[in-house]
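Engineer: Sequence:
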Amino acid sequence: MLSLKWWTVALAFAVFGPLSYMAGARFGALTISESMIHYWVLFGAMWATYAALAKFIYQTAVIKFQQR
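For the sequence shown, the residue numbers in the working numbering are 3 to 70.
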């Protein structure tokens, strides 16, 4: 994840975040309604934002640490 660009990280998390949640539903751990498409879009966007922000914060911290 650290060598990827921020938008690739965001895209990967936007796709695989909701898919991992749906995998739990597939095996009967969760019940998912088909009418919840807006939730899945929001869930993917939320994970994508989190991942891109975490990558940015980590890289900023590493750069500042290396400059010392």
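Take the hints with a grain of salt, since some may be wrong.
[What the hints assert, rightly or not] Label pairs and their in silico Cβ distance ranges:
1. Trp-42 / Lys-66: 15 to 21 Å
2. Ala-14 / Thr-62: 19 to 25 Å
3. Trp-9 / Tyr-41: 19 to 25 Å
Derived by calculation from the structure, the hints in this document are not laboratory data.
Think of the CB as a built atom: it goes at the ideal place given N, C-alpha and C, for glycine as much as any other residue.
Engineer: So, for every hint listed, does it hold in this structure?
Structural biologist: Hint by hint, here is what the structure shows:
About 36 Å separates the C-beta atoms of Trp-42 and Lys-66, a value inconsistent with the hinted range of 15 to 21 Å. Judged by the Cβ atoms, the range 19 to 25 Å given for Ala-14 and Thr-62 holds: they are separated by roughly 20 Å. Between Trp-9 and Tyr-41 the beta carbon distance is about 23 Å. The supplied range of 19 to 25 Å therefore holds.
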